[in-house]
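Enquirer: Residue numbers (the UniProt record's numbering), protein chains in the order written: chain A, 1 to 275; chain B, 1 to 290; chain C, 1 to 390.
These are calculated hints, taken from the structure and not from any lab test. No experiment lies behind these values; they were computed from the predicted model shown. Hints are not guaranteed to be accurate.
Just a few of them, taken from the derived set where beta-carbon distance is under 7 Å, the chain C residues facing chain B [said to hold, decoys possible]:
1) R79
2) T83
3) P148
4) H317
5) V321
6) E328
7) V336
8) L348
Simulated restraints on C-beta separations [said to hold, decoys possible]:
9) C/S189 <-> B/H198: 38 to 44 Å
10) C/L161 <-> A/S197: 53 to 59 Å
11) B/I6 <-> C/S189: 31 to 37 Å
Using N, Cα and C, we set each Cβ at its ideal position, and we do this for glycine too.
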Amino acid sequence: MKNETPLLSVTGAGHRYGDRFGCRDVSFDLWPGEVLAVVGESGSGKSTLLGMLSQRLTLDEGTIRYRTARLSDADLGGAGEDERMAEDLLDLSTLSEREVRRLWRTDWGFVHQNAADGLRMHVSAGGNVGEPLMANGWRHYGKIRAEAEEWLRRVEIPADRIDEAPATYSGGMRQRVQIARNLVFGPRLVFMDEPTSSLDVSVQARLLDLIRSLVAELGLAVVVVTHDLAVARLISHRTLVMKDGVVIESGLTDRVLDDPQAAYTQLLVSSILQG
Amino acid sequence: MSAPHIVYNEGYLDEQTKRVIRRALLKGVAIPGFQVPFASREVPMPRGWGTGGVQVTAAVIGASDTLKVIDQGADDTTNAVSIRAFFEKVAGARSTTRTDEATIIQTRHRIPETPLAEKQILVYQVPIPEPLRFLEPRETETRRLHALEEYGLMYVKLYEDIARYGHIAKTYDYPVLVNGRYVMAPSPIPSFDNPKMHQSPALQLFGAGREKRIYVIPPFTDVESLGFEDFPFEPQRFDQPCEICGSVGVYLDEVIIDDRGNAMFVCSDTDHCERTATASVRDETTEVSA
Amino acid sequence: MYVAVKGGEKAIANAHALLAKRGRGGADAPRIDYVQMRDQMGVLVARVMAEGSLYDPDLAAKALLQAQGDVLEAVTLLRSYRTTLPRFGVTIAVDTAGLPSERRVSATFKDIPGGQQLGATFDYTHRLLAEELETPEVPTPDAPEAEPMPRVTDLLGVDGLIERDRPAEGWTDPDPGDLTREPTVFPMSRAERLQALSRGDEGFLLSLGYSTQRGFGNTHPFVGEVRVGEVEVEFDAPEIGYAVPIGRIELTECQMVNQFVGSADQAPQFTRGYGLVFGRAERKAMSMSLVDRALRREEFDERAVSPAQDEEFVIAHSDNVQAAGFVEHLKLPHYVDFQAELGLIRKLRREFQERQAAAVPSPASSNDRDSSTGYSSNSNSNSNPIEEHV
Numbered sequence: 001m002k003n004e005t006p007l008l009s010v011t012g013a014g015h016r017y018g019d020r021f022g023c024r025d026v027s028f029d030l031w032p033g034e035v036l037a038v039v040g041e042s043g044s045g046k047s048t049l050l051g052m053l054s055q056r057l058t059l060d061e062g063t064i065r066y067r068t069a070r071l072s073d074a075d076l077g078g079a080g081e082d083e084r085m086a087e088d089l090l091d092l093s094t095l096s097e098r099e100v101r102r103l104w105r106t107d108w109g110f111v112h113q114n115a116a117d118g119l120r121m122h123v124s125a126g127g128n129v130g131e132p133l134m135a136n137g138w139r140h141y142g143k144i145r146a147e148a149e150e151w152l153r154r155v156e157i158p159a160d161r162i163d164e165a166p167a168t169y170s171g172g173m174r175q176r177v178q179i180a181r182n183l184v185f186g187p188r189l190v191f192m193d194e195p196t197s198s199l200d201v202s203v204q205a206r207l208l209d210l211i212r213s214l215v216a217e218l219g220l221a222v223v224v225v226t227h228d229l230a231v232a233r234l235i236s237h238r239t240l241v242m243k244d245g246v247v248i249e250s251g252l253t254d255r256v257l258d259d260p261q262a263a264y265t266q267l268l269v270s271s272i273l274q275g
Numbered sequence: 001m002s003a004p005h006i007v008y009n010e011g012y013l014d015e016q017t018k019r020v021i022r023r024a025l026l027k028g029v030a031i032p033g034f035q036v037p038f039a040s041r042e043v044p045m046p047r048g049w050g051t052g053g054v055q056v057t058a059a060v061i062g063a064s065d066t067l068k069v070i071d072q073g074a075d076d077t078t079n080a081v082s083i084r085a086f087f088e089k090v091a092g093a094r095s096t097t098r099t100d101e102a103t104i105i106q107t108r109h110r111i112p113e114t115p116l117a118e119k120q121i122l123v124y125q126v127p128i129p130e131p132l133r134f135l136e137p138r139e140t141e142t143r144r145l146h147a148l149e150e151y152g153l154m155y156v157k158l159y160e161d162i163a164r165y166g167h168i169a170k171t172y173d174y175p176v177l178v179n180g181r182y183v184m185a186p187s188p189i190p191s192f193d194n195p196k197m198h199q200s201p202a203l204q205l206f207g208a209g210r211e212k213r214i215y216v217i218p219p220f221t222d223v224e225s226l227g228f229e230d231f232p233f234e235p236q237r238f239d240q241p242c243e244i245c246g247s248v249g250v251y252l253d254e255v256i257i258d259d260r261g262n263a264m265f266v267c268s269d270t271d272h273c274e275r276t277a278t279a280s281v282r283d284e285t286t287e288v289s290a
Numbered sequence: 001m002y003v004a005v006k007g008g009e010k011a012i013a014n015a016h017a018l019l020a021k022r023g024r025g026g027a028d029a030p031r032i033d034y035v036q037m038r039d040q041m042g043v044l045v046a047r048v049m050a051e052g053s054l055y056d057p058d059l060a061a062k063a064l065l066q067a068q069g070d071v072l073e074a075v076t077l078l079r080s081y082r083t084t085l086p087r088f089g090v091t092i093a094v095d096t097a098g099l100p101s102e103r104r105v106s107a108t109f110k111d112i113p114g115g116q117q118l119g120a121t122f123d124y125t126h127r128l129l130a131e132e133l134e135t136p137e138v139p140t141p142d143a144p145e146a147e148p149m150p151r152v153t154d155l156l157g158v159d160g161l162i163e164r165d166r167p168a169e170g171w172t173d174p175d176p177g178d179l180t181r182e183p184t185v186f187p188m189s190r191a192e193r194l195q196a197l198s199r200g201d202e203g204f205l206l207s208l209g210y211s212t213q214r215g216f217g218n219t220h221p222f223v224g225e226v227r228v229g230e231v232e233v234e235f236d237a238p239e240i241g242y243a244v245p246i247g248r249i250e251l252t253e254c255q256m257v258n259q260f261v262g263s264a265d266q267a268p269q270f271t272r273g274y275g276l277v278f279g280r281a282e283r284k285a286m287s288m289s290l291v292d293r294a295l296r297r298e299e300f301d302e303r304a305v306s307p308a309q310d311e312e313f314v315i316a317h318s319d320n321v322q323a324a325g326f327v328e329h330l331k332l333p334h335y336v337d338f339q340a341e342l343g344l345i346r347k348l349r350r351e352f353q354e355r356q357a358a359a360v361p362s363p364a365s366s367n368d369r370d371s372s373t374g375y376s377s378n379s380n381s382n383s384n385p386i387e388e389h390v
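Same shape as in the complex, but just chain A (with noise of 0.2 Å):
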């Protein structure tokens, strides 16, 4: 029954700067554990619609409904908690901002460009990836020690670094520990922009190596924008083209990539090859 509801349904959904659309009329389906690639040039929206999907950005028509496992009835409270339970999915606009934070804390990671933006970079690496579970209650520093050890084990960070601030880390290493970070508390969805485009090609190839292997045996669901058709190819399971705000194809990865029915897609996979 449950695996018949998406996890993430989106349906029309537009975010404004002033009185132009930043990304308009977007609609997508987000199965549990799939890997969703949203794929344009810069300044085709792409970077807008994750904003507005994580609810960073306001969604000024449509709506964003989200299958919540763990918003349990004592979290949500108050009038209209059964009408919204009503419906397995959850319309993200009827959160108030403390139900967002939780969803942050417990179902979301957000794994930016630039990992300054998603690390303290003067707080141990230890810290850093401790840090959720802090959040989340954990009160034993032992306990939240090993599970900070063991996820930076398992994004490849040597063991005898985990007390030094990512300050001091290389850019493939501070990129791993904020996946680390995204990834301690078990969350369902992570949305990833730009995650390996800050980073030297060789470096960027192991990362992305990483993250599918962690995607997979996570079963998480991914929704992750990036310019690097490469990127989308070896990561993600279907694929969103994106030109000037809105979605101009859709489809599974490999037929996007392979056969691309929009002429601006064939465009864009040929400029590819050239290049």
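Based on the hints, put chains B and C in the right spot on chain A.
Expert: Just chains B and C now, with coordinates in the frame of chain A:
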């Protein structure tokens, strides 16, 4: 034009202002540990020298009250003397140095050694009321963190201490959780004094004049010093007794006694020290004058 | 014992006597009378009134004498007195357009209705230290100024070139509140910010205003107008039913014309920063208007990159009574906290030495270290203290 004539209201603060402060205090009692904004007035001493405590004391003191003022645990430090003299002058208040005789005790940096009783009020002078200030300087953000009960950041600080030093490295103004809800700065009392706040029969009022905040721990309220299950809060301890009165388990001042850096340890609470010394050996007290 | 702070009442009394003696100076010279102070040190008196938030030249002069010329001390004295005064109500907003201006200059137009008027100014004086002060005759003006002096910003406002004082229609002046009587929390309204700036420290605002000119939050300012003059203050007494004049105060007003903004649905127009200060205080009024404009960054969707644009930073630190008190409170004894720190540092050092003694030389494990950053791990991480405790 005639020369200006200067008149001050009885008790210094006008009645309207006292009511404003009392309302803030009542709100503080209703929401233990919550920082209530109030329109802090100037008082005739510099900001940071106890102006919050003075306003709170002025708002609660009455004709039947007996006031004790301490700074660093001592009744005779200059600022304590100055504040006591102020209330004697403007409010005609009776004053005392004895903890058990006082109905109101205004303090900076200590809680007296003598256990407080019901109907006593302890007024703390607070420099920085926001426990998250040095982790997040923005009030707009810290207010939100308190409202949403998001205290992960506070624990990150404690985590970092343990990772670096092997234990929590906070020795004064040690953060507490009041009534299971709000994280609160207890003012720069030593962590030694923290346990005295828990379930205290006295009413504890906190006034931050410069920062314009008042907060309260009502009598018999849970006050838990933050820590981890495996690294619980540990108040500081002193191994040696007071070298004047012989008390143990009290907070001690280290007093340098010669130019080679030798020191003696004596009670920081002068009232406690004097009374203990008087009660024990008579000729010793005449010899040592604190 | 720590005699200096445990000296008690007698020491305090002695200190105060000594202070009074130092303030008196030689007994052969007469004491300065507060009237002399008020009339001959007008700029200084104005500063104390502005930062003390109380328009009373007599009391400000007395405060300055009592404070032996320490401005911040005088401001504190005046504030401490002001706070005890009952508040009867609110005056009607003063009309600075109507004030017979003693001084009025604009940098944006060469000629303006009502004319430029230099008035009493240090501008253009040669800053040559004089042996003796002169009191030259002041010629009486040919004709009393009959020509009205509309504000320059109002002239620009006619064509919509500059943002209006207030929205055009259906707008009622909201109660601006009173910073000194009501609790304030961030973010503040502009009215509250302006109150805070008007009583803020002149030096602090000057430096912040200056920083915006040097690129830390540039606002491209032009002095639309600076005017100084006396204005009538009217009080709307409910018992009487009409406004009664209750006195005149001298004010300095600065309207700074700034960088224009526009959007798809709004034509570009100049923006403004505003400064209003008691007495002759052009530097303060100008600084205030620069900072006011910088702090309006959110209204205009400007990127916050500089201290002067940061409301919490500016407002929380502009009040010199608060700042001076908190800096100076470091003189108070802190030996209880310090004792606590002493105990901790001794413990940490002992533990460090124990670890050093027990440590086996650890192999250099810097293979994975990022050579490009040039950082090395700190010394703590090699001999991690955690293991002993977990």
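Enquirer: Looking back at the numbered hints, which does the structure fail to meet, lowest number first?
Expert: Checked against the structure, the hints that fail are numbers 3, 4, 10, while the rest are satisfied.
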